[in-house]
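Enquirer: Keeping their order, the protein sequence lines are chains A and B.
What the first sequence shows, in this note's numbering, is residues 1 to 119, in sequence order.
What the second sequence shows, in this note's numbering, is residues 120 to 353, in sequence order.
The reader is advised that the hints may include incorrect statements.
[As the list claims (entries may be wrong)] Heads up, simulated EDC-like pairs for lysine to aspartate or glutamate below, C-alpha to C-alpha not over 16 Å straight-line:
1) A/31 - A/82
2) A/68 - B/199
3) B/161 - B/135
4) A/68 - B/201
5) B/241 - B/273
6) B/157 - B/215
Simulated from the structure, these hints should not be mistaken for laboratory data.
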Amino acid sequence: MDNNVLTVGSIVKTLALEVQSGQELMFTEIKGGYSSDLLSDVMANGKKGDIWVTCQIHPNIIAVGVLKEMAGIIITGGRKPDAGMVEKARTEKLIVMCSSLPSFEVAGKLWAMGVEGPR
Amino acid sequence: MSPKRIVKKAKADKLDLIAICDHNSAENVAAVFKAAKKDQLKIIAGMEISSSEEVHILGLFECLEDVLSLQGTVYAQLAEGENNPAVFGDQIIANEHDEVEGYNNRLLIGATLLTAAEIVEKIHKSKGLAIASHIDRPSYSLLSQLGFIPDDIDLDAVEISPQSTLDEATEKFPEIRKIPAVTSSDAHDLGEIGRAVTLFYLAEPSVPEIKKALRNQDGRKFTLILPSPSEGED
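Extracted from the complex, chain A is given alone in its bound form:
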């Protein structure tokens, strides 16, 4: 296993992510990853320090990201959070990023970088 700890900052560059909130938090360590669009599933199975890959843009994702103390959320498929969500994420110090790639590719690239799943 690769012992180098990945930070959010490093994946932003590699995946060309657009950072919507938490620009000042790029040093945040990524402990693992979780991919799901069902909030109930993430609430049950997401872990602290996970990078969450989803195409879900309902405002509740911010609350769930905060609740599970996630390293950050990557919203995929070119979808964008609304202004209210971004503001909330900024207040809660939650990193939200966007990718034009579909979830499958984002998760694949993260895995290739050494971000692993449930532990």
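With chain A's structure known, arrange chain B on it following the hints.
Expert: Coordinates of chain B only, in the frame set by chain A:
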């Protein structure tokens, strides 16, 4: 939103009939019934139940006892975990004087283990009407979650949100044409009450009458009143 304030706003908006449909719970319905007792405003006991697929289904019931009989099942099937008020807000249980009686500690924002089809079946078993919530919205709707209306789901109606007109919704989702479509405010705060209304022509304000109207039976009928484009949300 509290019982007295809800009743006051509904009356100000000249509504005759409102349904209280909290997420996965009906513990605040009785208080609204009591708060409206002296008024002509009629209250329907309801609940918005979240399925395992995260589809929201509205149940409208003939009486408080019917929704409470379903509540036990919903609570038993609700995902484990306690509400986190710092993240999701307090889940207040109020009385008819708008006083806090207690707090609901369950994770009401979560989903149940019941599928959408099972929820519709259980609503019907409790003599209620099953309506697929805000099917035009991109989250928590039967169409957003499943992509289509399954054959084994026997809905009484679908609900169009205030964000769409009926024409927009039927054009985007032609599969709803064969099901009665209603609208409602889906109010999550006081200001949203009355922003969209279904006008029912009934012999009396009751759920059995609404059921007839949805089926255009015995002269009962309904029509949608949605916000005009300048009033609606983006």
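Enquirer: Now, for every hint given, state plainly whether the structure supports it.
Expert: Hints, verified against the model:
At most 16 Å may separate the alpha-carbon atoms for a hinted pair to count; residue 31 of chain A and residue 82 of chain A exceed this at roughly 27 Å. With a C-alpha separation of about 15 Å, the suggested pairing of residue 68 of chain A with residue 199 of chain B holds against the 16 Å cut-off. Distance check on the hinted pair: residue 161 of chain B and residue 135 of chain B sit about 6 Å apart at the alpha-carbon level, within 16 Å; holds. A hinted pair counts as satisfied when its Cα atoms are at most 16 Å apart, and residue 68 of chain A with residue 201 of chain B qualifies at roughly 13 Å.
Proposed proximity of residue 241 of chain B and residue 273 of chain B is supported: the alpha carbons are some 11 Å apart, at most 16 Å. A threshold of 16 Å between alpha carbons decides the hint, and for residue 157 of chain B with residue 215 of chain B the separation of about 12 Å falls inside it, so the pair holds.
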